[in-house]
Amino acid sequence: MRTMYSLSQWGKGILLLFIVAGFAYPAGAQTNNSGKNSIELSRFIDRLSKEKNWKLLYNPDDLDNKYVDASSITSTRDWDIDKLSAFLRKYNLQLQRSGKNSYYLKAFVPTPVEAPGKTTGHEKRLLRGRVMNTKEPSGPIAGVSVSIKGAAAGATTDGEGYFEMNVRDGDQLEFSSIGYKTKESVVTGEQVNLIISLEESVNAMNTVVVTGYSQQKAKYLASSVSTISTDNANNKPVTQLSQALQGGATGVFVNQSSGLPGSDVASITIRGVGSFQGTNPLVLVDGVPMDMNLVDYSTVESITVLKDAAAASVYGARAGNGVILITTKRGVAGKPVVQYNSWTGEQVPTYKPHFVSAPVYMRLLNEAQQNVGGDAIYSPSSIAITASHLDPINYPDTRWSDVIRDYTPIQQQSLSVSGGNSTARFALTANYTSQDGMIARTTFNRASIRANTSVDLRKNIVVFMDMMVTRTQQTDPYSAGLTGSSGAVSGVGQVLGWIYTAPPTVITKYPNKPARPGYTYYGTYGESWNPVAQLERGGIAQSINDQSLLNLRPKWTIIPGLDLKGQFSYQVTSGVSKQNRDAYIFYDYFTDQPTGRAYTDVKSAGPSNRAGYYYLGANMDYTRSFGFHRINAIGGYSQELTNSDAWTELALRSVFGKIYYSYRNKYLMELGIRGDGSSLFAQGKRWGTFPSMAVGWNLAGENFMQSLTFVNQLKLRASYGMLGNNTIGPYLYQSTISTSDGSETSNANPDITWEHVGIMDIGANITVLKKLDITLDYYYKKTTHMILYPQPSLESALLSGPANVGSMQNKGVEMAVSYGGTITKHFMFNISGGVSYNRTRILKLAANPLVSGDYIYREGGEMAEFYGYQSRGLLQQKDITAGVPILAGQVAGDIGYVDRNGDQKISDSDRAPLGNSIPRLNYFTNLTLYIGNFDISTLVNGIGKVGLEYTSRTANPLNTAGNGGTPQEFQLDYWTPQHTNASRPRLTPTPGNNGLTSSFWITNGAFARIRYLAVGYSFKLKPVSSLKRLRVYVNAQNPFTFSGVKAIDPESRGAEGTYPIMRVYTFGVNLSL
Amino acid sequence: MRQIYLSVIGIALCLAACKKDFLSRNNPTATTDDKWWNTETDLVAALGTVYSGLPSGTVYDYGFLNNVWMHRSGATDETVFRGNFDDWQDYPVGAVTTQEYSAYQTYQKYYGYIRSACRFLEHYQKAYVADADKKSRYGSEAQALRAWYHLQLFMLYGPIPIVSHSLDANEQFVKRNSQEEVVQFISTQLDSAVAGLPAVYDLSNTYRISKGACYAMQVQLYMFTGDYANAIAAAKKVIGLGVYGLHPSYAQLFQYAGGGNSEEILYKPGGQREAFFRNAPKSFGCQACNSPTQSLVNTYETLQGKTIQELGPDSLAIYNANPEYNSNRDPRLAASIAIPGETWMGTRLDPFTVNSPDQIGIAQSTFTGYWIKKYVDPLDRSNTYGGTMNFMIIRYAEILLDYVEALIESGQYQDPDVVGYLNAIRNRAGMPSVDVSVYNTQSKLRELVRREKMVELSFEGPRLYDIRRWKIGDQVLNGPALGAVDPATGKNVVVEQRVFNTTRDYRWPIPLTEMTSNRNMEQNPGW
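In the order they appear, the protein sequences are chains A and B. All the letters of the first sequence, read from the start, carry residue numbers 1 to 1073 under this note's numbering. All the letters of the second sequence, read from the start, carry residue numbers 1 to 527 under this note's numbering.
If we strip away everything but chain B, and leave its shape as in the complex, we get (with noise of 0.2 Å):
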């Protein structure tokens, strides 16, 4: 009897074990598209994390460390970087392989915001939005940094594939686009984005993409292609919406003092929070991770106007010893870059005295003798790594400087518009107006703006694109790096031998990871 009890209870418990959903577990946490995208909170949030791919100027998002400008200087002529965190230093010599991480990343985050975009745009229009022109302003958003994106791809790894929708499993062997097509595509897509933007938004909301800030990246894809009819279209454009203007003060453009200033078109919210410890000097208890190069600081005119090789040798050699000799240089320099000798923020900076705290050369000093200035705000010293400034992606500045060079380049250099933005330029960082009498011609006029875009936009990204439209990374990025004037040896540090592969290093390789993944992809050429 009591067995036949047992066994009742034994299969009883079974059955009320066997429910039926009992192997039917759904991911609890997440959802599908299906029941998602229902308010405008989740279009805010969704496009949040397209934007959240816009470069910072220091280090900022640690997930991807890379997107970062003014590191990414250490890539080119203007520093040598030496930062525990990244691998900018193996670019001036060479030893940039395919699977460089940075290489890498940025490739593989870029079209990863792309598919955030291309989701977005496929899903927005089933929320609920009450003001229907901010719904389709949403979607203009996601529209026009899907093409930014796209542009900063093929400005990196040349003619890319175009990828506008979210690709499935089948799809996803995508092939390089033309590169018509890849300019045809950005240049359209940022025009249909612009009807659906504001040329000025509220304060709160300025860091959106504008009407502005799309023609912007029109004049950056024609200038890097050289169309420079379209790219002088395009400037004219921005500059006729008539809401952009050069900020009185170069220095406090840098500053929190020159926050929400007229001259951004595109930034980065917060994108300098630790520009202080990253970039000041070791014996500020920071980083010093990008140190300016002498051929850098060389190409700061003179107060008057002149540069200083003009001046001969002998005033040359002074200014290489000592660049601020006299306080006669180009305000830019001082506040741009901080040099030997110099007392910023109460301490005398002093790279060549061993066992001083900022010793040229030890681990997270400066290695050249000189340290970036710009963005390094005193206000930041107490919180050396929590700084609020933004960082400015696209500023007025660099649009003018473009479309008076692609005046001077498409044979116009003697429209007024080229002295006359020069000037502006120039005037509002207090040097002197063009000397018209030395730059008449399309080729000094040519030399004039290059320089110009060096020292106005040093450290603020666009150097590396510069080097490859102007092709002159083996002029720039080939021989020794030079740092400061040893006064001890009365010659320039040489910091490292920088070596330019003409055929390959125009642009980065394809990453391993893709090559191996993308059986349609072709690698770059000489990687």
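Isolated chain A, as found in the complex (with noise of 0.2 Å):
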């Protein structure tokens, strides 16, 4: 402490490297004005020791949170130091001298009252309590006022969190301090000692951020933070912990694009794709990587996406796409607390499709057989037969999405004990959760329990224990398909796609027969593809994963501002995989000869994706304040070891560093650097460093802003970094070959190294009026080293492997806001939006435009733009007598390509991109109310424009060619000559030239959806009932989309094989003792 500045000369130094000129206003220019504002008590303090030429130094920690009613200090011309001493003992504060006309403020260390006399009756006892902050390790708070309901009997805490009163049965007592968050308690029964724990009570800017390695205050924060509230999971029917961040934070998109039970992970993207090995952001829980998905997430107390390079390095070569820290729920001290949560409720598909019948169908395909030239299949009189379903046997009339159920259930149940006293806290949560798909023999449930324990060794020791077990069971119809063998858990996909397949006109089961007693007859079609029959007969296969981790973390503050924290994680995850399948002929009903594919017995069991994973690290944190500096400087070293199977190892290790750095909470920096040394690569190319660096301006705190009282925070942050990205598999480096037939498994690139990811940012916080709060960042993300696989020449027969050659950058901009506000007692509401606007452009590739499929990756385009013909609409008769150039057999009513190059033909080199398969805007808007004891809320998501590509049966239906196809009800709007506006082409029995890629079957495919709706009843409950809190819900999951795209969900998209979304509807209760 010996260094202590005087307040305005450094702090105008420092103004000077960041002002703006002409935005400074007058100097001193005085805040007495608005009568209802309050402003922060260290802006205060700062004012005072201007205007009074004191030197008054604290601890911005001490003074954090606290504020002054403006209207109280509209004079302070008469202020002397006992007056300043006077008022500042409201705030806990007291000063001491430290020099002439100097003094520093700290905190108030009261002196322990003594215990009100027992004068105020004859049942009264002594009760003796202790108040402890929510920090870890379990400090005690100081000056807390404790007082009894409607009494004038109070005590306040001793320095070590101490109070004794008497009390009797009954009484509501309140704990009270500036800063924490009042909390009451009713004396039960014999109860003679007490544990309370406060939590901090937080605005907007102290909000605690859990950032890499550390925790810190919003406002230190220079970088580009956002948290997700668990809101949007907790309560809500979300299966999985990945899908509850849809709508959570600007710069994420998150898509879901299955709702098939246990396969329903929704994929995370932060700021655009900046790579071609996937969008995966590296997802720490409790500081090392997992895998989200299978954290409760009724555990999870904070979610934190850190977006920018300054915020992400510290994390290095895996932070490219960004980071997700998530923080489990760790217990308080105080008496133990009991919740129970459960909701249940049925699913319902947010998309069917509706088939034609079997006479239209016949109709249909006797049709599309005449287009081509070719003759009828169906005679009038079988039409005619089957559409009057005398002959069911002979004629029948199937429907088969009929195998899709409506209405399928899905439940969770939670159950968590919490609590402890200041040497050990706990929290331990059971989770159970169920759900059946809604095609038949599909399920998944997962249980897991997670113990978070931490035990003070000492009073600067801690240790967390935490633990955690998870099984997960999905199962399946199992689907053997062409192979016979694998497939294990691909079985919906199919079942869904024969659903699409199966003809109308083929049966489900037809009659029993006295010939087979008990034997079912299904309908035949194809390798026995009756989907009836698959889900009947097929067996199922069905996975297992285990998944348990031990997490030891302990802390030693070595002294006040040093801890010293080690960690030791093990995770290992192993599983079983099982098929079982009974055999079964497939008689055909009338010649009792075995007709399609017969299923074997299929019997099998092994283990499945034994991984291993450890990590070892030790990192110092080490926070001081010297005047108004303030530093936090965090470094630290790990290693971690993965088996991703039985022989697989890959191997990192890392030391990194950052630094805070603040002045009088105004000006802000921070520094971030690591190493890392991966085993990915080739020695020489295995260790790569990713600096950062982020500076920010709260310029709330300068003077000329002092008039502006309204507004509460102005930051303005800068930040640039490098990370990395090394998702490429493991062993690339080395050219190997299979050790069973000499064939070659790796053609090396001993070159191959990280991505290389720098990322610039430009933001702004700010908070007006208290309430409201905006948050505004641009960056310009660009990747350079980008990992690619040039596709070698097909002479050559290379294996393709990663390769450091191309670019790609990304541009965006995002705005979050959210405001609350307390309207009267009864009506509160909370309101928050963000829009997130990305730009992905490729900058370089190895070589030419890389097509894949209906995709394009071309140098000045976006990521995976569609490729392929332009439409020109459906070619009319005239198009054709007019001789435009069309592709050879096409005919009237079919899809008309574009011409682009004018050479009279249509050919490969007519393609064009077609528009982004990937949107650039995406946005949502929360809304929660309270009116008295209900409370509503709602999440609204979505996409801008983006397209969307209808394939196979959605586009084209009919293919006698592949397994067949039923056109569903949209479908009949098909060209002919009398239909020439049709909005589909000509019927053809294959797809032919209508099922090449264009822009006929692109469209738009924004969407919003409302997420959920929420709508709870929190029963009143007497002060002393032992019941805490009772509430009951109901919430409606996706009940409402709106699209133009009507064939398929636009969320999940895909074709006939791809499950949808559901629309969950669910009751609920939340209950704590």
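Derived from the structure by calculation, the hints contain no laboratory data. We put the beta carbon where it would ideally sit given N, CA and C, even for glycine. Take the hints with a grain of salt, since some may be wrong.
Lysine-lysine pairs mimicking BS3-like chemistry, simulated, CA-CA at most 30 Å apart [stated by the list, open to error]: (1) K471(B) - K905(A); (2) K1020(A) - K183(A); (3) K685(A) - K35(B).
Short derived list, chain B residues pointing at chain A, Cβ under 7 Å [unchecked claim]: (4) F22; (5) N27; (6) A95; (7) Y111; (8) G112; (9) R115; (10) V174; (11) N355.
Since each chain comes alone in its own frame, lean on the hints to assemble the complex.
Encoded structure:
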């Protein structure tokens, strides 16, 4: 504490670095107007010291979150040190003289208060208690006033947080202290000892945010960090944690492409696609990388997204796609709290096919055959008999979509107990989720237990010991498909596909026949692809996965402000995969001969996914304030070893450091660096360094802003840094061959190394009128040394291997707004929203544009643009007559393609990019209302314009060359010579040229979806009741979708094999004791 | 004190963890060329991968579904293909694109096998094999196989780049070679391979490339380029080996009964595993992927050696409506094709009755009213996709017909071998000898040998190349594809309209993937 600086000198100095000329207001502008507003205590102290020429020094942490009512200090002209001293007592602060006109503000340590005499009643007895904070290790809070509601008696806690007072049964104690949330407790029974934990009360600026390896108050951050509310998951039928990130933060695009129970994880893209190797961010749960979907969200305390390089660089080579930090809940000192949360409901598919009936199907197929010069297949009489439904055995009319169930159950039960005392705390949570699929034999369930304990070994050493075990069990129809053996869990997609391909003219089941008692004759089709037969006789495929985790984290506070933290974590994942099917021979109902593919016995089970992971690391965390300077420095080391299977080993060794510096809470700086060494790369290419820097300026702390009292926070931020991305398979720097037949398994690239991701971020955090928070960010992200797998020439037959040859950029803006208001005591609301816009641009590729399937990747283009022919609409007879260029065999009613290069023929060279397939814009709005005991909340999110391609049977349903296909009702609007302004091409038995990728099949996939709409009612409970909370609610998940896309679900997209997202209606209860 | 303790422990832990080789992890399940290639077992395994690209008759290698020659008949005038697993139906209707999967995969995979062969040849000398001759035989086999893959690519895509060693990344952008160079390369490679190969293998190794197979490949190569003199010379070498002969029964050739026959020059062991399932009728619980066309059926002569066209319109109509009328057709028809109304394995095949299990045109049923019988052996009925029959890639009768054709085309049509071998083939099938009063000119004999080739070798694969050699695509792959006569209408069923582009369709397109990855590659005309 030797160097304490006077307030103004340094301030002016740093101000000069930042200053924008003309922005400065006349110095010392007086802030004595607006009556209602309050100002930060620190601001007031700074102002006072200037006015009075006192040197008032303080540790900014002590003044955090303390405010002065501006109206009470309109004039300070008559203030002296004594008056200030009295004033500060209200804030639990006292003055300590440190020189001439120089004082240090420090926390007030009260003398123990004597217990009031036993004069107020004969039942009274002495209650001893202690008030603790919720920090780890837990510490006492001094100066908390403890009062009995409705009585004058009171006490104040001493320096160790202890208090004593006389109470009687049923007394309601109220604990309050500035900077903490007031808490009540009812005296019960023989209670003589009481431990109470008080939570800090915070506003937006003082929110503690989990950042890399530490926690920071939001106001010290100069980097771009978002926190995600757990409300999007709590009490919602969210089956995977990744789904809960939807609508959680700007810059985060979350998309769920399947609703299949157990496989319904959402993909997460943070600030655009910066790599060809996927967009998966690095997810750390309590400091260790982990699949976030294994985490039971009822155990989640906070989710933080590190979006820019300054925030994420401390995670180095893996942080290029952004970092998500998840912290789990810990117990706080106090009486055990029991919470029970449960919901149960029904799922309804958001999308379901509506097929045409058999007679229509027959007519369409005939028409299609005739359109290509073939003969009709079904005679008019057979169509007529089918339509009459008089002979259902010989002329069936089957609706295969009936296989899809409309209502299927889903439920979750969660029970948690947490509590502890000043030396040990625990939080134990058990959770069970189960879900049935819309296809029979499809189920998912998950049970997980997490036990987080914190034990204080000494006053300054705490050890976190966390354990988690999770079992997931996913069952699907076993669907052998063509290969007869593999495809364990792909069954649902196959069955869904067959619902679209099995013709309605095939019967589901025939009646029983005496020839084979008890035997079911199924309508046969193809290789035994009757979906009902498949579900009933095809057996099941089951995959069971067990994950267990041990996470040990000792923390030793060597001296106040200096922590040494260690971490050892071990995870093991192990599972078993089973396929179980009984043999079944399909006999033809009429001939009693075997038909189709017989099912053989399949009884196989084996271990799967045995993977291990360990993490060993330590870091030092040092926080100190030197007058107005505050420094937080972190440095550490870690090593990790992943065994993704029995053989594969991935090693990573890292050193990292980070410094947060702030001056008077106004001028902020972050410096970060990380070095990573990875076994993915060859020697000499292993180590990489990832530096970053961020600066911030909190203008609201400046004098010239004092007149703008409605501005509570105005922080400008700028950052730049380097990150890496190393998402490649192991051993690719070596040329290897198979030991079984000498065939090549990898053609080496010894130079392969990670991708370099540079991110620049400029942002602002604004709080006005205390309640309106606005966060703005602009970023520019550039990936160089981007890893591509250039396609070698086919003649060389070289294996495609990774090479650091590409480059790509992402530019975007984000805006998040939130506003909370209390209209009356019984009406409160909170509204927040965010908009993110991102645009990718490929700067450099290996060689030519890369065309992959329906997509093109080209320099100057966006990531994965659709690529194909531009459609000129359906060809009409006049076009044919006029001789427009067409493909061989095309006639009127087919899709016309544009001859872009004007060579009078349609060829590959006429293809062109057809627009983005990744949305540029996404947005969300969240609204919560509290009206009396009711609460209502809703979340809407959506994406802006994006190409959505109808493929496969959504585009051209008929395909007699393939597995068949039944048109849906909406596909009846097809071209005929009489109906030339149709929305779909003429019928043909196979898609032919109409199946080419073209703009004809690409539509705008923008949509907005109401994610949930929940209404809850909290019962008003008697304070003495042992029940602390009882709330019931109903929730509708995905109830409404607004989109121009009607043929498929715009979010999950896909064609016939895609399992749509579910609409879920639940009823739930929250109970705590 | 305690703090010092802890610090020491911490530092010690750290040091213990800082093993120097922590970041060095070699692939534990793979090896490298310098450590492998040691034993004969290694060579046999590596050579096995080179062999694995030989084609099968029906679905065999799920990773290379297009390498299946009976299904490929759907790209010719022999059949109409409708399968749920491939794209041959695109070829006859002109719907092929540069992204056609079969054309892509064939190109990509065959060059893959060429690389495997090159790598074998570059490394096999290192291994220890007690019998030095055997070791050099392995090398010759790889060399011959490499030539065979080049030959297939050449016939499918035109003159292609020759790849004679495993290319590294810097050499990968190869250019096409000229036709002369390609022919020269294939031929000399085969010549050199012949020296190290036996004419006959022991029973367990008969699938391996022999001297005869190399000569037979040369016959095919020269026939394709119209170099009849060299074709004749190579064919004479095949014949001169004296190890091949015509199996007495044509029908038996494609049954288990004909296994190990003297006609096999090159075959794929077990290559007809799914023949029954893929080709037998729907009423047998099978797929009927390939439906023979009426034009193929009409190519079979009568038992008297007359074409049904030369019998006059009345007879033509009778045979058209009932191809086996009075059992008076070339017995090869009954051996190769099942017709409407036929009773086969106890089931009457009835494509023209509504709701018959074999109703024409419904998914996974015949599209023409005909079915392939060749290689569909009743013995596989109870195990429809687990057959073990071999698929003959080159058989002696084909080489004899090539030889005859080469004699005719080179003007030596009066050579006694012409009629001699035609008779041998016809008589074996139960057909009368060539009527030399009719077939005594070059053009008549040409007509005859072309017809013989089509009926003798139907669905076996050569037809695709024959159409290209004879440039008859616009005649045989244009207009309506016809099926059997529907008794209700008295007319042939029309399956589809076929389109052939003579400037384009004699070669498959170079795959788009190749065009974008190899800047030196040139596309075939018209694509």
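Verification of the supplied hints:
1. Of the supplied pair hints, the one linking K471(B) and K905(A) holds, its CA atoms being roughly 24 Å apart against a limit of 30 Å.
2. At most 30 Å may separate the alpha-carbon atoms for a hinted pair to count; K1020(A) and K183(A) meet this at roughly 17 Å.
3. For the hint pairing K685(A) with K35(B), the CA-to-CA distance comes to about 25 Å; that is within 30 Å, so the pair holds.
4. The closest approach between the C-beta of F22(B) and any C-beta of chain A is roughly 5 Å, which is under the 7 Å cut-off, so the hint is satisfied.
5. For N27(B), the interface hint holds, since its Cβ comes within 7 Å of a Cβ in chain A; the closest pair sits about 4 Å apart.
6. About 5 Å separates the beta-carbon of A95(B) from the nearest beta-carbon of chain A, less than 7 Å, and the hint is met.
7. Annotation: interface hint on Y111(B) holds; nearest CB of chain A at approximately 5 Å, less than 7 Å.
8. A least Cβ separation of about 4 Å between G112(B) and chain A falls short of the 7 Å threshold, and the interface hint therefore holds.
9. At its closest, the beta carbon of R115(B) sits 4 Å from a beta carbon of chain A; the interface hint therefore holds under the 7 Å criterion.
10. Because the beta carbon of V174(B) sits about 5 Å from the nearest beta carbon in chain A, less than 7 Å, this interface hint is met.
11. Given hint, N355(B) at the interface with chain A, holds; its Cβ is 5 Å from that chain's nearest Cβ, closer than 7 Å.
Of the numbered hints stated above, none is contradicted by the structure.
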